[in-house]
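Participant: Here is how the chains run, residue by residue.
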Amino acid sequence: MGQTITEKIFAAHLRDTPTPGNMVLDIDVIMCHEITTPIAIMDLMEKGLDQVCDPTRIKAVIDHVTPPKDSKTATQAKIMRDWAKRHSIKDFFDIGRNGVCHALFPEKGFIRPGNTVIMGDSHTCTHGAFGAFAAGVGTTDLEVGIFKGVCAFRAPKSLKIEVTGTLPKGVVAKDIILNIIKKLTVNGGTDLVIEFCGPVIDAMNMSSRMTLCNMAVEAGATSGVCRPDLVTAQYLWPFIKDEYQSPEQAAEAFSRWHSDEDAHYERVLTLDVSTLAPQVTYGFKPDNVKDVGEMEGTKIDQVYIGSCTNGRIEDIREAAAVLRGKVIANDVRGILTPATPAIFSQAMEEGLLKIFMDSGFCVLNPTCGACLGMSSGVLAEGEACASTTNRNFNGRMGKGGMVHLMSPASAAAAAITGAITDPRRFLD
Amino acid sequence: MKQFGGPAAFINRNDINTDEIIPAKYLTEITKKALQPHLLEDLHLEGGQFDPHSTELREARVLVTRSNFGCGSSREHAVWALEVNDINVVIGESFARIFRQNMFNCGILAVELSKADLDQLFALKDKVTVAVDLEGEKLTATSNDATVECAFTLNPFDKKLIGAGGWLAYADANY
Ligand code: SF4
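Line by line, the protein sequences are chains G and U.
All letters in the first sequence, in the order written, are residues 1 to 428 by the numbering used here.
All letters in the second sequence, in the order written, are residues 429 to 603 by the numbering used here.
Think of the hints as simulated: they come from the structure by calculation, not from any bench.
Quick reminder that beta carbons are idealized off the backbone N, C-alpha and C, glycines included.
Misleading hints may appear alongside valid ones.
As the list claims (entries may be wrong) - Now the stretches of chain G that chain U is said to cover, found in silico as 3 or more residues with beta-carbon under 8 Å:
no. : stretch
1   : 75–87
2   : 141–148
3   : 292–306
What the hints assert, rightly or not - Within a straight-line C-alpha distance of at most 30 Å, the following computed BS3-like cross-link-like pairs (lysine-lysine) qualify:
no. : chain 1 : residue 1 : chain 2 : residue 2
4   : U       : Lys587    : G       : Lys399
5   : U       : Lys566    : U       : Lys453
6   : G       : Lys72     : G       : Lys326
7   : G       : Lys72     : U       : Lys543
8   : G       : Lys69     : U       : Lys461
9   : U       : Lys553    : G       : Lys47
10  : G       : Lys85     : U       : Lys587
11  : U       : Lys553    : G       : Lys157
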């Protein structure tokens, strides 16, 4: 019997099998942010265990509330900063250099095919886009990761989704993943790794693959994963050019992480995207998804473009293509948060920020901000936001607020009209 | 070994997420104790009123709910919010993976029962008390007028974590 990519990664990192079916893995990359890490640090300190397994395996960032909004968030940032210094963690990113973790760490070249990655953050699954096993964990798992460099998982089971057909104009990765979550429901992926494959995925850039994997957890999945290939090698090229002769040769080496033809899957689904329409959520669960046409005209008060799902340069370009030369509706507040400083600066160079600002958008520094309702765009009771983020839970962006998840193009179209709108209307 | 069980509180809904168990605005706290007054603060139940400050919830040591409990954000604050309110067992049809692991990592119990068994628990009327037999992997729920017994299975590794008092203690001793 062949193995899936995830089974191969588990086998290559196996430290212990404490009981049959449970595996303790060596972790290559342990990511930390200022919301879930400070309590882990404080707990280790209290127990007299303030150590790190290996400072080079730890990547840390202050991203959720930056700059701090009050003294409590300033304290969280300070605990991280002092800890990074104390343990000589070189890959630590503070204001001016910081950005949303799942956009920043890939951009820095920290993830390689075949890696194991954990973070105290459910959207860690994003990094599966590189052909890695990347899982969100709680603070105790993170704490053990920092301290011992290991994490325990049940033996992996996989669900394969084959995406076929030709993606229509104006329909993007976000629409595909929302449609997949609708089909799987919010717990259809529980205890499974979703393997995204097929010609549509093979043709996607890394940004789109990250958008797909990012939302795997919204179907309850442990992670999402894509096959590492030439696209992966080209993205990583600046970081691996001393290890391989060419991106082609790197891609060839990465193929050791491809699932075998005869690997076992718990379930296999096929999705033909040729007739897929832009997708939008209603209600308070990410599987509450409809075609944009069914939601057309639903009034919104705010538009938020950013986050680890859709705050990358490709997303900003996609929204700018809709906004170019237009102004947003009078009673709509538009907020753009490029996910990292490099994305911000690239968007500036390409003149995209000007398009947003001329249209009436406010452009904020890289941060998670409104995505989790902690700062920078929290909703008032009864307000609705068209958002490129990944969660529409009740109260997620502020108590009593409603979040409609959608693609950057759909969010930009909503900004122009003040209501949910098919973005294809603005794309020629 | 730690004892599990006690008075139960019931929440009849699927897919309760960790934002509902503890809203993000409390994630700036750096002590577990500070979460104590905010457990389930923003929970909405369709058609029904939910009171996060009810006597039932305040006195509960056991929470009985439905499927996919603890979905969404990985925040272990959700487990701590239960822990600092002295809830040491959550019973449901299923749990989100990260939440379930966080429970066992903290040395407390997430018990999965079939829908039929849960229906029986929900049918018990007033003042339900749950006793957990960890070794025998069964629980007994008693109310004024009835008793329900259910068997469950724990993942053997999760059982080890309970015995060790959590993952940090286990990992420190073994790796
Ligand atoms: S952008 Fe939102 S979903 Fe992504 S890491 Fe930040 S808070 Fe979490």
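Participant: None of the hints should be skipped; say for each whether it holds.
Facilitator: The hints, checked one at a time:
Look at the stretch 75–87 of chain G against chain U: 3 of its residues bring a Cβ nearer than 8 Å to a Cβ of that chain, three or more, so the hint holds. Given a C-beta distance limit of less than 8 Å, the hint that chain U covers the stretch 141–148 of chain G holds, as 5 residues qualify and 3 suffice. Counting residues of the stretch 292–306 of chain G whose beta carbon lies closer than 8 Å to any beta carbon of chain U gives 0, which falls short of the minimum of three for the stated coverage. For a cut-off of 30 Å, the pair hint linking U:Lys587 to G:Lys399 is broken: about 38 Å separates their Cα positions.
Straight-line distance between C-alpha atoms of U:Lys566 and U:Lys453 comes to about 38 Å, which puts the hinted pair past the 30 Å bound. Note on G:Lys72 and G:Lys326: the hinted pairing is violated, with a Cα-Cα distance of about 40 Å set against a maximum of 30 Å. A threshold of 30 Å between alpha carbons decides the hint, and for G:Lys72 with U:Lys543 the separation of about 42 Å lies outside it, so the pair is violated. Note on G:Lys69 and U:Lys461: the hinted pairing holds, with a Cα-Cα distance of about 22 Å set against a maximum of 30 Å.
The straight-line distance between the Cα atoms of U:Lys553 and G:Lys47 is roughly 44 Å, outside the 30 Å bound, and the hint therefore fails. The suggested pairing of G:Lys85 with U:Lys587 is violated, with an alpha-carbon distance near 37 Å, which exceeds 30 Å. Between the alpha carbons of U:Lys553 and G:Lys157 the distance comes to roughly 39 Å, so the proposed pair goes past 30 Å and is violated.
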